[in-house]
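**Student:** In the order they appear, the protein sequences are chains A and B.
Our numbering numbers the first residue of the first sequence as 3 and each following residue consecutively.
Our numbering numbers the first residue of the second sequence as -18 and each following residue consecutively.
Hints were generated in silico from the structure; no laboratory data involved.
Certain hints may be false.
DSS-like mimics (lysine-lysine), calculated; alpha carbons at most 27 Å apart, straight line [said to hold, decoys possible]: (1) Lys133(A) <-> Lys(-17)(B); (2) Lys526(A) <-> Lys503(A); (3) Lys71(B) <-> Lys67(A); (4) Lys341(A) <-> Lys294(A); (5) Lys310(A) <-> Lys53(B); (6) Lys133(A) <-> Lys19(A); (7) Lys310(A) <-> Lys(-17)(B); (8) Lys53(B) <-> Lys143(A).
Note that the structure is a prediction, hence the values are computed from the model and not measured.
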Amino acid sequence: MIMNGAEAIIESLKNEKVDVVFGYPGGAVLTLYDALYQADFKHILTKHEQGAVHAADGYARATGKVGVVIATSGPGATNLVTGIATAYMDSIPLVAITGQVAVPLIGRDSFQEADIRGITTPITKHNYLVKKVEDLPRVLKEAFYIARTGRPGPVVVDVAKDVFAASVDYHYPSEVVLRGYRPLFAGNSETIDKVCEELRLAHNPLIFVGGGVNLSNSAEVFRELVDQTGFPVISTLMGLGSLPFDHPLFLGMVGMHGTYAANMATTECDLLLGIGVRFDDRVTGLLSEFAKKAKVIHFDIDPAEINKNVLAHIRVVGDINWSLPALVQRVKGISGELKERAQAWTEQVLSWQRDKPLQYERDPNLVMPQAVIEKVSQLTQGDAVIVTDVGQHQMWVAQYYGFRNSRSFLTSGGLGTMGYGLPAALGAQCGLPARQVILFVGDGGIMMNCQELATVANYNLPVKVLIFNNQTLGMVAQWQRMFYGGRYSHTGLRGNTDFVKLAEAMGVAGLRVTKPEELDNVLKEALATPGPVVVDIRTPEKVDVWPMVPSGAGLDQMILGGAEG
Amino acid sequence: MKHTLAVLVENRPGVLTHISGLISRRAFNIESIAAGYTEEPDTTRITIVVEGNEIEQEQVVNQLSKLVDVIKISDLTAVESIQRELALIKVKATIETRSDIINIVDIFRASIVDVNRETMVIELSGDGAKIDALCQVLEEDHGIIEIVRTGKIALARGPISAKAQ
Ligand SMILES: Cc1ncc(C[n+]2csc(CCOP(=O)(O)OP(=O)(O)O)c2C)c(N)n1
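Input sequences plus hints: build the corresponding full structure.
**Tutor:** Next up, the structure:
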């Protein structure tokens, strides 16, 4: 069928079953926006391109589908950079379609020209510059395929302005032919046998789950593995939700702000089964001390993750939808034996958990941030889609919200992007209109993209925004308190911003909590309100996230602080 | 230890930037890199010499393999291979010194590709050490004006190609 490049993009989006795109128009994408208009394609107009890309990311994390974002050339495209890098670090499938100046103008420093392909090369799984309209269908087919398969990630498709208008005889390819890209599903099944042998030798085995289980939708089979082996489980930030928080074998998050039991178990285990993890430095602490008594078995789809940070004794490379079922199959016959051998160890780690649980100071006169999270957890029964920004509140949510479901915790883990939360929450709500989406955000982070409150209002997205208003850049201030002699250089936020008024000005209802006794009712009111709500929660300024492993120390060197058992 | 990698990539714009960007971002120790067309018009072959232990070498291969435009990587370190570098050396040469230079060139089995009243240009292909040695002699005895060297290129002996390996 003959159509122009812009229409070819819309057709391709339909072929990829894309139901919504996020974006912001401009000169280079006028023709594309005209095609969106004519096709009546669902498009969410954010207030900033950064908002659009984080929204597409939140949509992708919540639904498991590819998120799509559109921006114009130059500043439109460069405004996507933080969001693309955020998605890249957390392996989130995105396709970003950017306009580029027309082919004859490329390379001449033309108006609104930026080499977005060059700029995004280190932060994309792959990227394209399309200069010929005939290439467009194939490139889009490849872009979606690359974004979604293997280890997922963002793909940028930069399209020259004249390509949108040029006409093409449209055929969407049915298959992708890429000589250099063949994501593997099944790996070597002999390695699974070897893993089994190691499981039978271990006395202190530990399962270490990461974001890979959420990303690959394999929580169910993962839970089966846990139940069949009876091994205790620790999780990364990104792995939360893979196992229900109240599972009897779950020790919580490991790492810099991990639980006592999780960090000690890592230090003491003799076999560590890393599943979809990448051994980030926030998890390992001092690398030479990390799990140094253990043999490490590493399951990952990306061969480049093996031996990158931690040496693996056995590598299981492949999709965990292949490796985990294969392992569960083999473990079934030896389940009783494994449980018996690990029994003493399991009792020990569970006693660590009992003796030194997460704890915080409870002051009847203050609204403690951890208490707010516990309350929300209780009110939602751990069943909401929880989004955070970055900072202390993010760590407290990881510690105190009782996650039950996979893909129910959306947070910028790898890049730690402040300003991520609000747009990601709106994207998640677009993808899951029937679910309760709750954002926890600091008074610092909300101001980095607070313009998206207007988007939330415009589309009446019922996101609940809980601002932990501690008048400070809490996480940075904590480091200043601990390591910089309490010199609070530029972390005080004592300003005059009224978040209730801000919300109202943008068309969102605003509530406030200043005293502990108000918390319950205000939270209930917020959650019961059909539309979007902002709650300004006044939390104390100097509260620390505990436990904490100082940077450069081993996990067992954690300071328990207020969490002293 | 040094590893010589034959990297087959799609012959597309941006591929070399992708590869060199990845190498610098991941702080890999690359000694040389040489790219050129191959027997297939849509394929470019890049020979990369990396310095590092086994683990670092494996990381280089795994990270490069992740690039969508990288079709195949084969490690030529362990196989018998022919390895060559090419150098062009412009050396000071008067009518009096020419014959000595010609002698040196003969000893090294190099060749003279340009002559004028003040200089000669010498071409030598071989392994890096041999080129170093020639350069050293020429510099000490006659003075070098400029040198240009390619990175190393390598091909396995025997019938099997990198693509089929
Ligand atoms: C874009 C960006 N800039 C700076 C930082 C560094 N940073 C990490 S946490 C933090 C403080 C966040 O303060 P706030 O949003 O109030 O949350 P809190 O820590 O108080 O919960 C800062 C500045 C970051 N992660 N991202």
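**Student:** Look at each hint and say if it fits the structure.
**Tutor:** Structure-based check of each hint:
1. Lys133(A) <-> Lys(-17)(B): The hint is violated at about 40 Å.
2. Lys526(A) <-> Lys503(A): 20 Å, holds
3. Lys71(B) <-> Lys67(A): 60 Å, violated
4. Lys341(A) <-> Lys294(A): 23 Å, holds
5. Lys310(A) <-> Lys53(B): Status holds; Cα separation ~21 Å.
6. Lys133(A) <-> Lys19(A): 25 Å, holds
7. Lys310(A) <-> Lys(-17)(B): Holds: Lys310(A) and Lys(-17)(B) sit about 19 Å apart, inside 27 Å.
8. Lys53(B) <-> Lys143(A): 22 Å, holds
Comparing the model with each earlier hint shows violations of hints 1, 3; every other hint is respected.
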